[in-house]
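J.: What follows is each chain in one-letter form.
Protein chains: 2
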Amino acid sequence: MLDRRRIGAAALRVVDEQGTLTIPALARALGVAPSALYHHVSGRDEIISLMREELTGATGGADQDWSKPWDQALEAWARSYLAAFAAHPGAVPLLAVAPLAEPFMHAMYEKVAELLLSAGFAEAQVMPLVNALESFILGSALDMVSPPVMVSDVTRETAPHLSAVLDQTPTDHTRAEHSFTLGLRAMLTGFGHLLPDN
Amino acid sequence: MLDRRRIGAAALRVVDEQGTLTIPALARALGVAPSALYHHVSGRDEIISLMREELTGATGGADQDWSKPWDQALEAWARSYLAAFAAHPGAVPLLAVAPLAEPFMHAMYEKVAELLLSAGFAEAQVMPLVNALESFILGSALDMVSPPVMVSDVTRETAPHLSAVLDQTPTDHTRAEHSFTLGLRAMLTGFGHLLPDN
Numbered sequence: 001m002l003d004r005r006r007i008g009a010a011a012l013r014v015v016d017e018q019g020t021l022t023i024p025a026l027a028r029a030l031g032v033a034p035s036a037l038y039h040h041v042s043g044r045d046e047i048i049s050l051m052r053e054e055l056t057g058a059t060g061g062a063d064q065d066w067s068k069p070w071d072q073a074l075e076a077w078a079r080s081y082l083a084a085f086a087a088h089p090g091a092v093p094l095l096a097v098a099p100l101a102e103p104f105m106h107a108m109y110e111k112v113a114e115l116l117l118s119a120g121f122a123e124a125q126v127m128p129l130v131n132a133l134e135s136f137i138l139g140s141a142l143d144m145v146s147p148p149v150m151v152s153d154v155t156r157e158t159a160p161h162l163s164a165v166l167d168q169t170p171t172d173h174t175r176a177e178h179s180f181t182l183g184l185r186a187m188l189t190g191f192g193h194l195l196p197d198n
Numbered sequence: 001m002l003d004r005r006r007i008g009a010a011a012l013r014v015v016d017e018q019g020t021l022t023i024p025a026l027a028r029a030l031g032v033a034p035s036a037l038y039h040h041v042s043g044r045d046e047i048i049s050l051m052r053e054e055l056t057g058a059t060g061g062a063d064q065d066w067s068k069p070w071d072q073a074l075e076a077w078a079r080s081y082l083a084a085f086a087a088h089p090g091a092v093p094l095l096a097v098a099p100l101a102e103p104f105m106h107a108m109y110e111k112v113a114e115l116l117l118s119a120g121f122a123e124a125q126v127m128p129l130v131n132a133l134e135s136f137i138l139g140s141a142l143d144m145v146s147p148p149v150m151v152s153d154v155t156r157e158t159a160p161h162l163s164a165v166l167d168q169t170p171t172d173h174t175r176a177e178h179s180f181t182l183g184l185r186a187m188l189t190g191f192g193h194l195l196p197d198n
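Protein sequences, first through last, are from chains A and B. Going by full-length UniProt numbering, the letters in the first sequence line up with residues 1 to 198, in that order. Going by full-length UniProt numbering, the letters in the second sequence line up with residues 1 to 198, in that order.
Read the hints as simulated data drawn from the structure, not as lab findings. Every residue, glycine too, gets a C-beta built ideally from N, C-alpha and C. Don't take each hint at face value.
For each label pair, taking beta carbons as the anchor points, the in silico distance ranges come out as [as the list claims (entries may be wrong)]:
{"hint": "1", "chain 1": "A", "residue 1": "Gln72", "chain 2": "B", "residue 2": "His39", "range": "55 to 65 Å"}
{"hint": "2", "chain 1": "A", "residue 1": "Asp71", "chain 2": "B", "residue 2": "Gly57", "range": "33 to 43 Å"}
{"hint": "3", "chain 1": "A", "residue 1": "Ile23", "chain 2": "B", "residue 2": "Pro147", "range": "16 to 26 Å"}
{"hint": "4", "chain 1": "A", "residue 1": "Gly120", "chain 2": "B", "residue 2": "Asp65", "range": "35 to 45 Å"}
{"hint": "5", "chain 1": "A", "residue 1": "Ala33", "chain 2": "B", "residue 2": "Arg185", "range": "26 to 36 Å"}
{"hint": "6", "chain 1": "B", "residue 1": "Thr20", "chain 2": "A", "residue 2": "Asp45", "range": "17 to 27 Å"}
{"hint": "7", "chain 1": "B", "residue 1": "Thr174", "chain 2": "A", "residue 2": "Ser35", "range": "41 to 51 Å"}
Partner residues are not named here, just some residues of chain B that face chain A (Cβ under 7 Å, in silico) [what the hints assert, rightly or not]:
{"hint": "8", "residue": "Thr56"}
{"hint": "9", "residue": "Val145"}
{"hint": "10", "residue": "Pro148"}
Now the stretches of chain A that chain B is said to cover, found in silico as 3 or more residues with beta-carbon under 8 Å [unchecked claim]:
{"hint": "11", "segment": "142 to 148"}
{"hint": "12", "segment": "152 to 163"}
Based on the sequences and whatever the hints tell you, model everything.
T.: Put into structure tokens, the structure is as follows:
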């Protein structure tokens with residue numbers, strides 16, 4: 001039986017496999033005629049919304065502990081967000097540019113906004129901080145599915161500094177994880193410097 | 001006449017318009033048979049390489065001033081990198097995961113590695129820092145092509161904090177630019193804290 005949950009999950013699989021989402025491809029993946037899909041969704045925008053619901057629900061963003069210090073709470077949020085998108089990298093370009101009109105997304109942003117305002121950030125700083133953090137997370141999700149060795153075939157004679165730093169860089173999946181941790185901590189340190197008591 | 005430059009430029013147009021790159025679609029865009037393409041390139045990997053050459057060349061990364069203080073030089077590099085990808089957001093998911101084996105890319109990373117080592121960063125820190133910065137840039141390129149108002153239809157009663165911060169958030173293209181600037185500065189501030197004299 002077709003239901004909205006199954007449609008969202010199948011749409012995630014389609015973008016992971018094909019890089020794009022089309023109604024005919026989604027209908028094929030579900031084994032139904034395109035017209036059958038329209039009994040459940042009004043169109044592409046609603047399908048993207050279902051994909052987002054499936055992704056967000058999967059990471060349990062709702063039951064996160066927002067009572068921790070702002071930087072710890074934000075780090076935990078960022079990590080669950082990354083895990084969700086790293087599992088469905090094909091959805092990154094699609095969801096990155098689709099407006100967030102869903103009440104369940106608003107509920108999540110309400111928590112983040114309250115967290116950052118309570119920490120002392122100015123109202124005008126909050127959304128730019130959240131946007132910047134999200135951009136970093138989405139880019140990192142793509143990095144997570146990149147080859148462990150991204151810079152390859154370097155010649156020591158022509159690129160001695162690059163060779164030296166690559167010798168000290170992991171050549172397995174920890175490369176991307178380590179980059180994410182380092183970048184996240186750096187960004188949170190920088191955010192902290194924007195607070196009035198710094 | 002088909003040449004490698006034209007193939008790279010056409011491939012960028014195809015991913016921008018269609019979200020994915022296939023050899024038949026590229027051949028159609030160039031008005032040639034797929035077999036004609038193979039006289040110039042060995043396959044998909046080489047086409048991706050040509051796209052990267054076209055992107056990188058366009059931003060004049062080669063003639064950047066690397067003699068400035070590390071954070072200013074890195075900021076300038078990040079901005080030209082962002083401009084290139086924001087002009088071709090469809091290329092982001094493709095290029096983000098394709099290994100960098102091209103000598104012109106190695107030459108660029110050699111400059112960045114030399115810059116950061118001279119600034120005092122440890123060999124093991126350099127590539128993670130560069131990776132993290134690139135993830136932020138690629139995510140920001142997607143944000144640049146997002147709608148100006150990303151969080152919409154918020155209800156003040158159910159999301160008062162979110163409503164308050166959105167009231168202070170630009171509703172035009174400056175939203176994404178401002179987020180990028182703030183995130184970039186935060187990240188560079190955080191990087192600076194990793195230096196031994198901090």
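J.: Each of the hints needs a verdict: does it hold here or not?
T.: Results of checking the hints against the structure:
1. One distance hint, 55 to 65 Å for the beta-carbon pair Gln72/A and His39/B, holds here, with the actual separation near 57 Å.
2. Checked against the hint of 33 to 43 Å, the pair Asp71/A and Gly57/B passes, with Cβ atoms roughly 40 Å apart.
3. Take Ile23/A and Pro147/B: their Cβ atoms lie about 22 Å apart, and the range 16 to 26 Å holds.
4. Between Gly120/A and Asp65/B the beta carbon distance is about 37 Å. The supplied range of 35 to 45 Å therefore holds.
5. Checked against the hint of 26 to 36 Å, the pair Ala33/A and Arg185/B fails, with Cβ atoms roughly 52 Å apart.
6. Distance hint check: the CB atoms of Thr20/B and Asp45/A are about 20 Å apart, consistent with the given range 17 to 27 Å.
7. Evaluation of the 41 to 51 Å hint for Thr174/B and Ser35/A yields a pass: the beta carbon distance comes to about 43 Å.
8. Hint status for Thr56/B: violated, given a least beta-carbon distance of 14 Å to chain A, over 7 Å.
9. Restraint check, Val145/B versus chain A: the minimum CB separation of about 6 Å is within 7 Å; hint holds.
10. The interface hint given for Pro148/B is broken, as the beta carbon of that residue sits about 10 Å from the closest beta carbon of chain A, more than 7 Å.
11. Note: the segment 142 to 148 of chain A has 5 residues with beta-carbon separation from chain B under 8 Å; the three-residue rule is met and the coverage holds.
12. Here's how the segment 152 to 163 of chain A fares: 9 of its residues keep a CB closer than 8 Å to some CB of chain B, so the rule of at least three is met and the hint holds.
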